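J.: Residue-level listing of the chains:
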Amino acid sequence: MVLLMSVPLTLLGLLEREPSHGYDLKRDYDTFFSRGKPLPYGQVYSTLGRLARDGKIVAGEAEPGDGPDRKRYVITETGATEFETWLQEPVAPEPTLQSVLFTKVVLALMLGRDAELYLDTQRAAHLRRMRELTELRRSGPLVDALLADHGLFHLEADLRWIDLTVARLDVLAAEVRS
Amino acid sequence: MTTVIEARDLALAFGETPALRGASLSVEAGEVLAVMGPSGSGKSTLLHCLAGILVPDAGEVLFNGQRIDTLPEARRSALRRDKFGFVFQFGQLVPELTAEENVALPLLLNGVRRSAALAEARPWFARLGLDGMQGRRSGELSGGQAQRVALARGLVARPQVLFADEPTGALDSLTGEQVMELMVGAAREQGTTVVLVTHEARVAAYADREAIVRDGRARTLRAESVAP
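Top line first, the protein sequences correspond to chains A and B. Heads up: the first sequence at position 41 corresponds to 41 in the numbering used here, and the numbers run straight through without jumps. Heads up: the second sequence at position 11 corresponds to 11 in the numbering used here, and the numbers run straight through without jumps.
Derived by calculation from the structure, the hints in this document are not laboratory data.
Quick list of simulated restraints, FRET-style, between CB atoms:
id, chain 1, residue 1, chain 2, residue 2, range
1, B, Arg75, A, Val171, 42 to 48 Å
2, B, Ala11, A, Phe32, 51 to 57 Å
3, A, Gly112, B, Gly139, 53 to 59 Å
4, A, Leu87, B, Met1, 47 to 53 Å
5, B, Met1, A, Glu132, 20 to 26 Å
Partial list, derived from the structure: chain A residues whose beta carbon lies under 8 Å from chain B:
id, residue
6, Leu127
7, Met130
8, Arg131
9, Thr134
10, Leu152
11, Asp163
12, Ala167
A quick note: this is a predicted structure, and the numbers were derived from the prediction, not measured. The beta-carbon is built from N, C-alpha and C at its ideal position, and this holds for glycine as well.
Throw the hints in and build the complete structure from the sequences for me.
T.: Rendered as structure tokens:
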């Protein structure tokens, strides 16, 4: 989701590297950022159109040759500044999964359900995903390994929270039922 | 699948303190099982019972379908030498021996001639990225290198089961993952079953399955029971 939201900025970044055709941008985006969900051509060109409209890039003259897109796009000063600002901003920490887990645990305790079983089941699901990511980082290229590591550390943080919560279930149960 | 090792309702107390309170689990042939749990939960005690190092107060431990908890210490010791391999948190290499002699140690203890044992130990150095380290003593090895030597020692005799107790606990993340990579890779290659005690989820993620020990009881869950 985060990746989808930053398609324009990612394309700006690729153009900051060097002026490129739409086809090249799509190829590089798919290689490094799409994670199995290729960027549709339609989205590439509509995004480039908006960036050009807003003065962040300019399109060169159409070049002779086959294929639909023979324009080379170049980043402008405005585009480069926006990209630089975005690059330097930290990403907002979003502990959304943890809040869902938290809600479920509290509700389970309020309703007198087996919260420990729920947490252990969640734990097993997390570990299953961690196994998949571990396999990916073992067998894939470094780009995949880095992304897998990112996922692994986040899942590990959730697991620590799960373990800590299991250890405190009795106290938590007393609190939510009081 | 064939069950290689099994704990049935194990109980064990150290003085007044109960460590295991009805722990049960089984490990299939060729499987890598991670035993997880908080500090003091009883996971290392469970591993020591499975490996025949400790004898439970109650319950049964079976290896290849035969009870081993009722065997006299000499028979359990022979079993540990012949069928099991071990890796602990701090390599526990013998400081007086070279790395090569440390790796060969289980074979030497099994009566293999010194030249044959060293010849068997040698290929492990290239395999685990330890070329040139053969003549070093434990004090001359980094933590990661020492742990890889300990891993080679644990696997050199082609044990049926490798017991690993927090094998990456003293290593940084990257070195720990290299050790896990090598451990799981080598164990799978030679069909060794692995029982791995760890409190780290990233380490447990190398296993096929996990069991969690809390308050001296083991619980296993299949992630498949979770709705996608």
